[in-house]
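Keeping their order, the protein sequence lines are chains A and B.
Position 319 of the first sequence, counting from 1, maps to 319 under full-length UniProt numbering, and the rest follow consecutively.
Position 70 of the second sequence, counting from 1, maps to 70 under full-length UniProt numbering, and the rest follow consecutively.
No lab work stands behind these hints, which were simulated from the structure alone.
Errors might be hidden in some of the hints.
Said to hold, decoys possible - Calculated lysine-lysine pairs in the DSSO-like style (CA-CA distance at most 27 Å, straight line):
no., chain 1, residue 1, chain 2, residue 2
1, B, K410, A, K355
2, A, K355, B, K409
3, B, K142, B, K168
4, A, K189, A, K168
Next come the chains, spelled out residue by residue.
Number of protein chains: 2
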Amino acid sequence: MLYRKVIMAIADGSGDRPHPLLNDKTPLEYADTPHLDRLAAEGITGMIDLIGSGIPVGTDMGHMILFGFQPEDYPGRGPIEALGIGMDVEPGDVVLRCNFATINDEGVVLDRRAGRIRDNTAGLADALDGMELIEGIRAYFKPATEHRAVLVLRGPGLSDRISDSDPKAPNDGQPYLPVEALDETPEAKRTAMAVNLFMKKAHAILASHPINRERMAQGHPPANFILTRGAGRMAQLEPIAATMKFRGSCIAAESTVLGVAKLAGFEAITDARLTGSIDTDVELKAKLALEQIARHDIVYVHLKAPDLMGHDNDPLKKALTLELFDRMVGLIAEQLPDDVYLALAADHSTPCEVKEHTGEPVPVVIYGPSIRKDRVTSYNEMDCAYGALGRMSGHEFVRTLHGLMGYVKKQGN
Amino acid sequence: MLYRKVIMAIADGSGDRPHPLLNDKTPLEYADTPHLDRLAAEGITGMIDLIGSGIPVGTDMGHMILFGFQPEDYPGRGPIEALGIGMDVEPGDVVLRCNFATINDEGVVLDRRAGRIRDNTAGLADALDGMELIEGIRAYFKPATEHRAVLVLRGPGLSDRISDSDPKAPNDGQPYLPVEALDETPEAKRTAMAVNLFMKKAHAILASHPINRERMAQGHPPANFILTRGAGRMAQLEPIAATMKFRGSCIAAESTVLGVAKLAGFEAITDARLTGSIDTDVELKAKLALEQIARHDIVYVHLKAPDLMGHDNDPLKKALTLELFDRMVGLIAEQLPDDVYLALAADHSTPCEVKEHTGEPVPVVIYGPSIRKDRVTSYNEMDCAYGALGRMSGHEFVRTLHGLMGYVKKQGN
Numbered sequence: 001m002l003y004r005k006v007i008m009a010i011a012d013g014s015g016d017r018p019h020p021l022l023n024d025k026t027p028l029e030y031a032d033t034p035h036l037d038r039l040a041a042e043g044i045t046g047m048i049d050l051i052g053s054g055i056p057v058g059t060d061m062g063h064m065i066l067f068g069f070q071p072e073d074y075p076g077r078g079p080i081e082a083l084g085i086g087m088d089v090e091p092g093d094v095v096l097r098c099n100f101a102t103i104n105d106e107g108v109v110l111d112r113r114a115g116r117i118r119d120n121t122a123g124l125a126d127a128l129d130g131m132e133l134i135e136g137i138r139a140y141f142k143p144a145t146e147h148r149a150v151l152v153l154r155g156p157g158l159s160d161r162i163s164d165s166d167p168k169a170p171n172d173g174q175p176y177l178p179v180e181a182l183d184e185t186p187e188a189k190r191t192a193m194a195v196n197l198f199m200k201k202a203h204a205i206l207a208s209h210p211i212n213r214e215r216m217a218q219g220h221p222p223a224n225f226i227l228t229r230g231a232g233r234m235a236q237l238e239p240i241a242a243t244m245k246f247r248g249s250c251i252a253a254e255s256t257v258l259g260v261a262k263l264a265g266f267e268a269i270t271d272a273r274l275t276g277s278i279d280t281d282v283e284l285k286a287k288l289a290l291e292q293i294a295r296h297d298i299v300y301v302h303l304k305a306p307d308l309m310g311h312d313n314d315p316l317k318k319a320l321t322l323e324l325f326d327r328m329v330g331l332i333a334e335q336l337p338d339d340v341y342l343a344l345a346a347d348h349s350t351p352c353e354v355k356e357h358t359g360e361p362v363p364v365v366i367y368g369p370s371i372r373k374d375r376v377t378s379y380n381e382m383d384c385a386y387g388a389l390g391r392m393s394g395h396e397f398v399r400t401l402h403g404l405m406g407y408v409k410k411q412g413n
Numbered sequence: 001m002l003y004r005k006v007i008m009a010i011a012d013g014s015g016d017r018p019h020p021l022l023n024d025k026t027p028l029e030y031a032d033t034p035h036l037d038r039l040a041a042e043g044i045t046g047m048i049d050l051i052g053s054g055i056p057v058g059t060d061m062g063h064m065i066l067f068g069f070q071p072e073d074y075p076g077r078g079p080i081e082a083l084g085i086g087m088d089v090e091p092g093d094v095v096l097r098c099n100f101a102t103i104n105d106e107g108v109v110l111d112r113r114a115g116r117i118r119d120n121t122a123g124l125a126d127a128l129d130g131m132e133l134i135e136g137i138r139a140y141f142k143p144a145t146e147h148r149a150v151l152v153l154r155g156p157g158l159s160d161r162i163s164d165s166d167p168k169a170p171n172d173g174q175p176y177l178p179v180e181a182l183d184e185t186p187e188a189k190r191t192a193m194a195v196n197l198f199m200k201k202a203h204a205i206l207a208s209h210p211i212n213r214e215r216m217a218q219g220h221p222p223a224n225f226i227l228t229r230g231a232g233r234m235a236q237l238e239p240i241a242a243t244m245k246f247r248g249s250c251i252a253a254e255s256t257v258l259g260v261a262k263l264a265g266f267e268a269i270t271d272a273r274l275t276g277s278i279d280t281d282v283e284l285k286a287k288l289a290l291e292q293i294a295r296h297d298i299v300y301v302h303l304k305a306p307d308l309m310g311h312d313n314d315p316l317k318k319a320l321t322l323e324l325f326d327r328m329v330g331l332i333a334e335q336l337p338d339d340v341y342l343a344l345a346a347d348h349s350t351p352c353e354v355k356e357h358t359g360e361p362v363p364v365v366i367y368g369p370s371i372r373k374d375r376v377t378s379y380n381e382m383d384c385a386y387g388a389l390g391r392m393s394g395h396e397f398v399r400t401l402h403g404l405m406g407y408v409k410k411q412g413n
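Input sequences plus hints: build the corresponding full structure.
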């Protein structure tokens with residue numbers, strides 16, 4: 001067998017629709033992208049539906065598929081977020097998404113986000129991390145972006161069939177909700193008990209924590225409570241890198257993408273200069289991708305900015321972020337080793353006019369050694385619809401890459 | 001989310017094959033259809049297999065798919081026919097297709113269609129409607145077209161595992177068959193008993209009915225018996241309008257299509273001027289479609305005539321019916337609101353040379369706001385095969401429309 005490697009460059013949310021501000025072109029058609037177009041011209045192109053035509057997917061699901069999972073493998077947002085911020089998650093763990101919040105002595109939520117606290121959440125989280133709860137259940141707690149955090153419960157017999165404590169009221173002033181079992185199993189009951197105990201203990205610790213005393217001294221609401229929501233139980237899921245028996249790496253800024261990478265058994269590489277926005281360092285991304293491919297079989301390099309501009313309904317700026325993507329891809333292509341395919345993809349469309357993910361397909365390219373070239377010469381939603389890959393699911397596209405790499409098992413003999 | 005609407009115009013059985021009488025063009029290629037071609041030129045096109053390549057579908061199944069159901073949701077012809085003629089059908093009901101027939105005193109079928117009776121079947125049916133049978137089972141009975149009628153059995157513990165009473169002999173002169181249970185369940189046995197009782201009671205009532213006395217006075221065979229066939233049990237089936245949480249409406253003449261519309265939870269609009277044939281009023285159809293879309297999220301408008309001409313092996317007349325379709329679509333397109341997509345579709349191919357439905361794919365178009373235009377400029381089986389939608393299943397096509405409307409749930413987060 002001839003084994004080869006793949007670098008996949010992902011422009012998050014890059015699929016779009018024709019827009020009047022862009023002379024009725026899509027951002028990909030409008031942007032000046034000589035490198036993307038060269039890869040399309042010298043490679044094979046097509047369109048992919050991440051799950052199926054018309055079905056919108058989240059960034060987590062879209063990347064699950066691009067990394068090689070099936071839609072039904074989706075473990076819920078919680079485990080992906082936990083992995084993304086560097087927590088360990090083991091099969092059987094129950095993961096909850098949390099907010100630092102401010103409550104009064106009666107348990108009324110005064111601020112669901114503790115004044116949108118940004119600073120020192122790591123110090124507060126440290127005080128709660130590793131806490132012993134009941135019957136061998138232990139709580140692991142880490143801060144995420146801004147007022148967000150993640151709680152991982154680990155121990156025997158846990159269930160995710162429990163209610164949220166976060167009242168999620170549009171206005172504050174509601175009491176937080178005691179967590180309840182959503183079914184009659186002993187697992188659900190003891191998990192609910194464990195979360196209630198965690199919240200009580202956390203409140204006692206946070207209320208008198210020096211960081212909160214200082215916040216109050218400065219007139220900020222204290223982050224004296226942890227609201228929980230969206231419990232999810234981590235399933236037994238074999239990492240793709242183990243299934244395929246290859247070494248993977250992923251370069252990204254966004255914790256969701258890094259979380260999926262870890263779920264897939266890939267190394268998750270990030271850097272403070274990778275910002276997850278339009279000011280990210282694409283030269284660094286290209287450099288890291290080329291470094292990583294020397295030591296791995298497959299490397300994903302992700303650019304978040306196009307999706308953000310779609311959500312913001314800013315087609316001109318979206319076109320600029322695609323030129324940024326073009327620069328990154330150009331730098332990679334320039335030094336691409338002979339045995340490496342370079343693939344272009346996206347996790348979903350985020351049309352500016354919709355400001356949300358939609359279910360329209362996204363264009364893809366595979367460029368590299370001895371590839372079957374088609375007649376398409378531009379990378380965009382219109383031209384790649386005429387590509388020789390045709391229209392396929394995200395999973396079929398990834399399998400195509402794994403096949404070119406030489407890692408797909410022959411069926412029959 | 002950006003919500004939009006859809007009008008789907010369906011040319012029944014419009015798919016065909018090149019025909020020597022049309023200079024080896026298909027009826028769609030041969031017909032003069034400037035409006036269909038403009039939509040193709042300004043929209044996105046493709047080919048759909050209602051279920052799968054090579055699989056022919058009936059009008060009922062084809063429309064089930066176009067309305068958003070899956071093939072396995074098909075409840076049988078009976079329930080669709082019952083709904084189409086305005087009967088209520090509830091989950092658990094057993095529906096039988098019936099003929100008014102003529103029998104002699106020995107139960108021998110003298111005429112399976114009672115002299116193809118057309119007049120006054122409503123009067124005869126009224127005398128049988130609402131009859132109480134055994135153990136809480138009630139019979140609802142309504143006439144359909146010509147000698148046809150529908151029997152709905154409602155009550156506890158019914159089964160469709162019963163035999164036909166209609167001998168369906170190529171020639172009359174056979175006795176009708178007592179209905180028997182096809183399995184050993186008490187449900188099948190009591191349903192068979194109920195149908196046998198219905199036939200006996202119906203014979204007693206019809207034999208002495210004034211309408212039949214008059215028929216005999218005029219030398220017509222009396223419609224003195226009801227032959228039953230094709231029992232089907234109505235499954236629990238959530239209407240598509242409820243599943244998708246949108247308001248639907250359907251404009252059609254054919255009861256099968258109207259029945260599917262009701263199954264889908266759509267309003268079913270018809271009018272005596274909509275004839276289900278080549279003399280139908282397409283101006284009225286267009287007017288109704290535009291009226292309905294103001295109050296609904298999705299509107300289907302159906303033209304039966306092309307299918308009839310396919311069954312008749314009349315390619316020139318089939319081309320004429322497609323020009324009729326073109327006129328209807330043109331009138332709709334002219335006044336299409338800005339937030340409405342206009343889609344063109346068909347439920348199956350009915351090639352003239354075959355005179356039956358075949359499994360060849362049919363062309364589709366989606367035209368409307370910010371659509372990704374492709375390079376196809378004509379609406380027909382050859383050009384749309386080069387469309388950017390590619391080739392997809394009927395279900396994928398409908399999901400594409402639901403996605404553009406903003407009604408498909410995002411997977412993942």
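Here is what the structure says about each hint:
Only pairs whose Cα atoms come within 27 Å are accepted, and K410 (chain B) paired with K355 (chain A) is accepted, the gap being roughly 14 Å. Straight-line distance between C-alpha atoms of K355 (chain A) and K409 (chain B) comes to about 15 Å, which keeps the hinted pair within the 27 Å bound. Among the hinted pairs, K142 (chain B) with K168 (chain B) is consistent with the structure: their alpha-carbon atoms are about 21 Å apart, no more than 27 Å. Proposed proximity of K189 (chain A) and K168 (chain A) is supported: the alpha carbons are some 23 Å apart, at most 27 Å.
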